[in-house]
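Please build the complete structure, drawing on both the sequences and the hints.
Quick note: the sequence shown uses this note's numbering, first residue 20, plus one each step.
What the hints contain is simulated information worked out from the structure, not anything from laboratory work.
Where is the CB? At the ideal position from N, CA and C, for every residue including glycine.
Wrong hints could be hidden among the right ones.
[Said to hold, decoys possible] Beta-carbon label-pair distances, calculated as ranges:
1. Ser-71 - Asp-144: 16 to 26 Å
2. Ala-269 - Lys-298: 45 to 55 Å
3. Lys-161 - His-100: 12 to 22 Å
4. Thr-122 - Pro-290: 35 to 45 Å
5. Pro-262 - Ser-69: 46 to 56 Å
6. Glu-159 - Asp-260: 43 to 53 Å
7. Thr-62 - Arg-318: 44 to 54 Å
8. Arg-318 - Arg-194: 22 to 32 Å
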Amino acid sequence: MPQNLQFAISFANRRYYFCRNTTSFPGYLVTPFQYQLANYGPTASWQTPSTSDAYSYCQDLTAQSYENFSVISWFLPTELHPHFAAIYAYCRWADDLADETTTDAQGLKLLAWWEEQLESCYQEDAHHPVFVALKRTIREFKIPITPLRNLLIAFRQDQTKKRYNTYRELLAYCRNSADPVGRLVMYLGHCYSPEAVVYSDRVCTGLQLANFWQDVRRDFDKGRIYIPAEDFQRFGLSIDDMPACAEQDAFRELIEFEVRRAEQLLASGEPIVDFFPSKLKVDIALFIRGGQTILRQIRQQRFDTWSHRPKVGKGTKVKLLAQAWWEIRVRNKQFRADSYEVPA
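Written out as structure tokens, the structure is:
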């Protein structure tokens, strides 16, 4: 394993650490992403890792994820772990390039570099550890470039569009920011089909909306408001009155309205579970239940996500994992019973 890659893996789980001998950050405390950028960014140089080392890098990055639910659960088949990690690492890097940089202009520049790396990867020319791993995954599962490229469209949009006038506009954003993830997972499950895409898109958009309503305050602090302006008006509010209006009862009613929309999307997308092979059903069901749990917690705190961000504790995660496993087991038994034909 290259020495600089080992260093990145060993220390990336620290919030800050000392960065030495790099042009970008010469000798001071930096964030984990700044360290990654200094060692694997557009101005850095490194030895191309082996495919095995590249997958190790991606899996380490995945282990540090701060999502609502682990990207890789106990039930995910071991042989799929590195491939899920490669997809996650690609998304994590793109997200950090967009969100962890100092200016929107810098974010756009770095995202353009990341897209160049993606294009090169599809030309069998990969050197960044993420793309060395992703190249193997793309080849093995015959993943087209479109969903990966569409994610970058959404990340770039976050640099230029901070508010949305209509719900239709927001859904258009989700088609690039969320829906491609479900399609990528379907490729990993060898179950991509036009019929499955319909349900997958509903789930992914529902999960994205649940995340938006969970993170209203965080997004506002970043200068973004995902609640459509037309919905503010529906409840007698103005998007320009943020954050003052966030303390009003009408704002909680607005969040309740948005939560119902997300709940409906997740419920209508649940049939997607049946399109996946048995070995992936629990993980897919878990993500749906996770989104529903976030929305339920928003309800329990009376739709006040401004002063308190809902979180899913470890105990709840374990409970949901067990519930997802049991639901799939019952579903499979029911399927076998329904499919059984009594001989004449």
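Status of the hints after comparison with the structure:
no.: 1; hint: Ser-71 - Asp-144: 16 to 26 Å; in the structure: 19 Å, holds
no.: 2; hint: Ala-269 - Lys-298: 45 to 55 Å; in the structure: 47 Å, holds
no.: 3; hint: Lys-161 - His-100: 12 to 22 Å; in the structure: 19 Å, holds
no.: 4; hint: Thr-122 - Pro-290: 35 to 45 Å; in the structure: 43 Å, holds
no.: 5; hint: Pro-262 - Ser-69: 46 to 56 Å; in the structure: 49 Å, holds
no.: 6; hint: Glu-159 - Asp-260: 43 to 53 Å; in the structure: 51 Å, holds
no.: 7; hint: Thr-62 - Arg-318: 44 to 54 Å; in the structure: 47 Å, holds
no.: 8; hint: Arg-318 - Arg-194: 22 to 32 Å; in the structure: 27 Å, holds
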